[in-house]
Amino acid sequence: MADSVFAHIVRAPEDPILGVTVAYNKDSSPVKVNLGVGAYRTEEGKPLVLNVVRRAEQMLVNDTSRVKEYLSITGLADFNKLSAKLIFGADSPAIQDNRVTTVQCLSGTGSLRVGAEFLAKHYHERTIYIPQPTWGNHPKVFTLAGLSVKYYRYYDPATRGLDFQGLLDDLAAAPGGAIVLLHACAHNPTGVDPTVDQWEKIRQLMRSKGLLPFFDSAYQGFASGNLDADAQSVRMFVADGGECLAAQSYAKNMGLYGERVGALSIVCKDADVASRVESQLKLVIRPMYSNPPLHGASIVATILKDRQMYDEWTVELKAMADRIISMRQQLFDAVKARGTPGDWSHIIKQIGMFTFTGLNAEQVAFMTREYHIYMTSDGRISMAGLSSRTVPHLADAMHAAVAKAA
Amino acid sequence: MHIQQQSASPSADRRLSVLARHLETSSSVAAKQWIMAAPTSSGTQSVFAHIVRAPEDPILGVTVAYNKDTSPVKLNLGVGAYRTEEGKPLVLNVVRKAEQQLVNDRSRVKEYLSITGLADFNKLSAKLILGADSPAIQENRVTTVQCLSGTGSLRVGAEFLARHYHQRTIYIPQPTWGNHPKIFTLAGLSVKSYRYYDPATRGLHFQGLLEDLGSAPSGAIVLLHACAHNPTGVDPTLDQWEQIRRLMRSKGLLPFFDSAYQGFASGSLDTDAQSVRMFVADGGEVLVAQSYAKNMGLYGERVGALSIVCRNADVASRVESQLKLVIRPMYSNPPIHGASIVATILKDRNLYHEWTLELKAMADRIIRMRQQLFDALRARGTPGDWSHIIKQIGMFTFTGLNKEQVAFMTKEYHIYMTSDGRISMAGLSSRTVPHLADAIHAAVTGARRGVTGY
Chain U
1 MADSVFAHIV RAPEDPILGV TVAYNKDSSP VKVNLGVGAY RTEEGKPLVL
51 NVVRRAEQML VNDTSRVKEY LSITGLADFN KLSAKLIFGA DSPAIQDNRV
101 TTVQCLSGTG SLRVGAEFLA KHYHERTIYI PQPTWGNHPK VFTLAGLSVK
151 YYRYYDPATR GLDFQGLLDD LAAAPGGAIV LLHACAHNPT GVDPTVDQWE
201 KIRQLMRSKG LLPFFDSAYQ GFASGNLDAD AQSVRMFVAD GGECLAAQSY
251 AKNMGLYGER VGALSIVCKD ADVASRVESQ LKLVIRPMYS NPPLHGASIV
301 ATILKDRQMY DEWTVELKAM ADRIISMRQQ LFDAVKARGT PGDWSHIIKQ
351 IGMFTFTGLN AEQVAFMTRE YHIYMTSDGR ISMAGLSSRT VPHLADAMHA
401 AVAKAA
Chain W
407 MHIQQQSASP SADRRLSVLA RHLETSSSVA AKQWIMAAPT SSGTQSVFAH
457 IVRAPEDPIL GVTVAYNKDT SPVKLNLGVG AYRTEEGKPL VLNVVRKAEQ
507 QLVNDRSRVK EYLSITGLAD FNKLSAKLIL GADSPAIQEN RVTTVQCLSG
557 TGSLRVGAEF LARHYHQRTI YIPQPTWGNH PKIFTLAGLS VKSYRYYDPA
607 TRGLHFQGLL EDLGSAPSGA IVLLHACAHN PTGVDPTLDQ WEQIRRLMRS
657 KGLLPFFDSA YQGFASGSLD TDAQSVRMFV ADGGEVLVAQ SYAKNMGLYG
707 ERVGALSIVC RNADVASRVE SQLKLVIRPM YSNPPIHGAS IVATILKDRN
757 LYHEWTLELK AMADRIIRMR QQLFDALRAR GTPGDWSHII KQIGMFTFTG
807 LNKEQVAFMT KEYHIYMTSD GRISMAGLSS RTVPHLADAI HAAVTGARRG
857 VTGY
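Chains U and W, in that order, are what the protein sequence lines are.
Per our numbering: the first sequence = residues 1 to 406.
Per our numbering: the second sequence = residues 407 to 860.
Be careful, since some hints might not be right.
As the list claims (entries may be wrong) - Stretch by stretch, here's where chain U covers chain W in the computed footprint (C-beta under 8 Å, at least three residues):
| id | stretch |
| --- | --- |
| 1 | 641 to 653 |
| 2 | 722 to 728 |
| 3 | 826 to 832 |
Said to hold, decoys possible - Calculated cross-link-like contacts (lysine to aspartate or glutamate; reagent style DMTMM-like; alpha-carbon spacing at most 25 Å):
| id | chain 1 | residue 1 | chain 2 | residue 2 |
| --- | --- | --- | --- | --- |
| 4 | U | Lys-282 | W | Asp-826 |
| 5 | W | Lys-503 | W | Glu-517 |
| 6 | W | Lys-753 | W | Glu-545 |
| 7 | U | Lys-46 | U | Asp-322 |
| 8 | U | Lys-26 | W | Glu-726 |
| 9 | U | Lys-140 | W | Glu-517 |
| 10 | W | Lys-809 | W | Asp-791 |
| 11 | W | Lys-817 | W | Asp-463 |
| 12 | U | Lys-121 | W | Asp-463 |
| 13 | U | Lys-140 | W | Asp-826 |
| 14 | W | Lys-657 | W | Asp-645 |
| 15 | W | Lys-494 | U | Asp-270 |
| 16 | U | Lys-46 | U | Asp-27 |
| 17 | U | Lys-26 | W | Glu-517 |
| 18 | W | Lys-766 | U | Glu-69 |
| 19 | W | Lys-657 | U | Asp-3 |
| 20 | U | Lys-46 | W | Asp-526 |
| 21 | W | Lys-730 | U | Asp-91 |
| 22 | W | Lys-797 | W | Asp-604 |
| 23 | W | Lys-474 | U | Asp-272 |
| 24 | W | Lys-494 | U | Asp-272 |
| 25 | W | Lys-766 | W | Asp-754 |
| 26 | W | Lys-529 | U | Asp-322 |
| 27 | W | Lys-503 | U | Glu-69 |
| 28 | U | Lys-121 | W | Glu-462 |
| 29 | U | Lys-32 | U | Asp-378 |
| 30 | U | Lys-318 | U | Asp-91 |
| 31 | U | Lys-26 | W | Asp-826 |
| 32 | U | Lys-81 | W | Asp-754 |
| 33 | U | Lys-46 | W | Glu-462 |
| 34 | U | Lys-349 | U | Asp-163 |
FYI, nobody ran anything at the bench for these hints, they're computed from the structure.
Built from N, CA and C at the ideal position, the CB exists for glycine as well.
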């Protein structure tokens, strides 16, 4: 019998983030805590489907006049319009001027990939600058799309905050026209965001060098609890009349994770360009998966277009954001109460689902071994995975890990 | 060109000059050169100004034109989606049932699937295409990953091959689905074709196919339509499949099956999978892209699976790990809803059985339309041999009509179809067959329509 034509294929390493949950599942300890997961958990540690999502879904499925025909290549039209309004603001001049093209994609990843493939094909500069650190999948998405990836300084371990000078220096040294990935809010994995003033300086610098902004907006409304506040950075760039890309995800803010709902918007100088750009986006999407999935986008459109459901959504969204913020406060208070050495204020200064604790790989390994705390080795913890019940255990673990090193 | 008012503000100018001063005192000279109005700042040209408008997709363009037509006798035969006798889209009863079950189950959540998708769905899909008793499955040498319908499965498979397979050329039949060459090219493969359709016979150009595959470089990838070839409806016979298999195995050509119509073509799930199973039965390696768009009517939910049948379980496992590296940077993990519907149906004895009945009903209606159209042309004495209408199989018929005849039929009879002469039988009904037969007859005989104005 002949050999396999795939015999030479090397086993790919397991995804590090997913590996955390694999290890967690194997652990039989009753006090184990999974702080690796990038998905919201309730106080009871359970996944959450928003009430408004269940309602919308029921409505859709009970409507026997609904069919399952192919969406167009660019997806559900309503969904696209409503998504653009959500991120850019209902009164956005860019939308009114018809110079925004929005296409439905597969959550954030899919939106980033389609945007990047479009840029690799049509944009004059093939380099994208991404923050150091950033979500582990970012460099892979861009590289496979055909872009070349460089980094700009972002996180300062010394302050556990933003290395603003480093950021400005690195972007200033980038070639004119280069693409720059910006986390719209709730930077993943650090939770460190620029202030509004800092965003303004970043905007001015980028515009002066013709750097093309590509926003990754995965946490709108989920970070601060306010949809408009979390979109400020994006809107600032659109307000100056310039061009930008924005990848939106509904995975976290609508809890639609597995339904893969997202949108890519490209804000162009004028309507004619936007229209031509859209025609070319179709040529990226069609050979990738033809047209996007119907179900999740229909849920989003149902909610966004209905006044009451939209309001209900904002209330449930704020509740999730508030719970995470309260976990931050509780953890901070707990490590303070234990007199754990060090400045832990970054826990309450950082924003969004994740906290970059500042713990190193050895400390993390210790916490996993001795306290059954599961987290990524870069010291990132998901606040969404915490509850009032488990905060004390985590604080004990951190205290022990830090005291051990001291 | 649109210019925002803000761009001319004195404060912006002030800010720019402050920035310029800042950069004068700091590092690079190069930075200074870029301070002036650059492409993405306001008041300047679009960085996308040079982008050319892409042509409209030809197949979708047919429906666009159809929608614009106000004639009461218009007929859309371009659409590649099933229509009922009433000309309406169909959601299978068993699909509605499964969906209700899922959505009413409040214990269900919407967490991310794993990169490879819903495990049940994958196992059941492999069984469906390869057969529940397939030794390849029992030997654990099949890896199956959930993908976005047929297109997504083809793209993921092709990107995997482009990265890991030693031969980067894929041979596709002439003609084939319009999207095939684009998928493979964007995935990184180089595309060649092999002869397939013979316009003279409106059947298979079998000799040409064997010659072209016979002269392909050893190890090349070959795309095979598992059944119901799109757009021609022309399939090899079992004997011809066996010859194709032997030739391909003798040259180490790697089969990549596109299975978009299992059960939908003949009405039998097993019959429509025979070509695939023949290749798997010889112990060799195979890729298969499965779609549930047509046979479960799940079009817009984008449900499909890519299976790679390998020599042994260890290879299959390593292959799966590498497939994840293709999927993760594309869309991370696949959508949950459609695959859950499929899994619900496939794993339940009763639902599965109901499905096979509804599937057969769709296939039977299409076969009836073929017979009715054939009979109608015969009744009109339309010149030519129209037996290909009942010999071809699946959703589409390659009528053999040329571009001019198609344009005539659109103009005079409001028949919408692709210019290659392909019609979707699914778009026909007993009520509209006579009108189509009239149109074909008129086009072929060169007759002009009896009334003026339309």
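Now the hints, each set against the structure:
1. 641 to 653: Coverage by chain U is violated for the stretch 641 to 653 of chain W (0 residues, Cβ < 8 Å).
2. 722 to 728: Held - the stretch 722 to 728 of chain W has 5 residues with a Cβ nearer than 8 Å to chain U, which meets the minimum of three.
3. 826 to 832: violated (count 0)
4. U/Lys-282 to W/Asp-826: 23 Å, holds
5. W/Lys-503 to W/Glu-517: Given pair W/Lys-503, W/Glu-517 holds - Cα atoms ~22 Å apart, limit 25 Å.
6. W/Lys-753 to W/Glu-545: Holds, because 21 Å separates the two Cα atoms, which is no more than 25 Å.
7. U/Lys-46 to U/Asp-322: Holds, at roughly 17 Å.
8. U/Lys-26 to W/Glu-726: 22 Å, holds
9. U/Lys-140 to W/Glu-517: 23 Å, holds
10. W/Lys-809 to W/Asp-791: 19 Å, holds
11. W/Lys-817 to W/Asp-463: 20 Å, holds
12. U/Lys-121 to W/Asp-463: 19 Å, holds
13. U/Lys-140 to W/Asp-826: 40 Å, violated
14. W/Lys-657 to W/Asp-645: 19 Å, holds
15. W/Lys-494 to U/Asp-270: The given pair, whose Cα atoms are some 39 Å apart, is violated under the 25 Å limit.
16. U/Lys-46 to U/Asp-27: At roughly 18 Å apart (the allowed maximum being 25 Å), U/Asp-27 and U/Lys-46 satisfy the hint.
17. U/Lys-26 to W/Glu-517: Holds, because 19 Å separates the two Cα atoms, which is no more than 25 Å.
18. W/Lys-766 to U/Glu-69: Roughly 20 Å between the alpha carbons, so the hint for W/Lys-766 and U/Glu-69 holds.
19. W/Lys-657 to U/Asp-3: 14 Å, holds
20. U/Lys-46 to W/Asp-526: 23 Å, holds
21. W/Lys-730 to U/Asp-91: 41 Å, violated
22. W/Lys-797 to W/Asp-604: 14 Å, holds
23. W/Lys-474 to U/Asp-272: Within the cut-off at roughly 23 Å; holds.
24. W/Lys-494 to U/Asp-272: It is violated: about 36 Å lies between the C-alpha atoms, which goes past 25 Å.
25. W/Lys-766 to W/Asp-754: 18 Å, holds
26. W/Lys-529 to U/Asp-322: Not OK: W/Lys-529 and U/Asp-322 at ~41 Å, beyond 25 Å, violated.
27. W/Lys-503 to U/Glu-69: With Cα atoms ~18 Å apart, W/Lys-503 and U/Glu-69 stay inside 25 Å; holds.
28. U/Lys-121 to W/Glu-462: Answer holds: U/Lys-121 to W/Glu-462 is near 18 Å, not above 25 Å.
29. U/Lys-32 to U/Asp-378: 19 Å, holds
30. U/Lys-318 to U/Asp-91: 23 Å, holds
31. U/Lys-26 to W/Asp-826: 58 Å, violated
32. U/Lys-81 to W/Asp-754: 39 Å, violated
33. U/Lys-46 to W/Glu-462: Violated. U/Lys-46 to W/Glu-462 sits at ~46 Å, over the 25 Å cutoff.
34. U/Lys-349 to U/Asp-163: Holds, at roughly 15 Å.
Going through the hint list in order, the structure does not satisfy hints 1, 3, 13, 15, 21, 24, 26, 31, 32 and 33.
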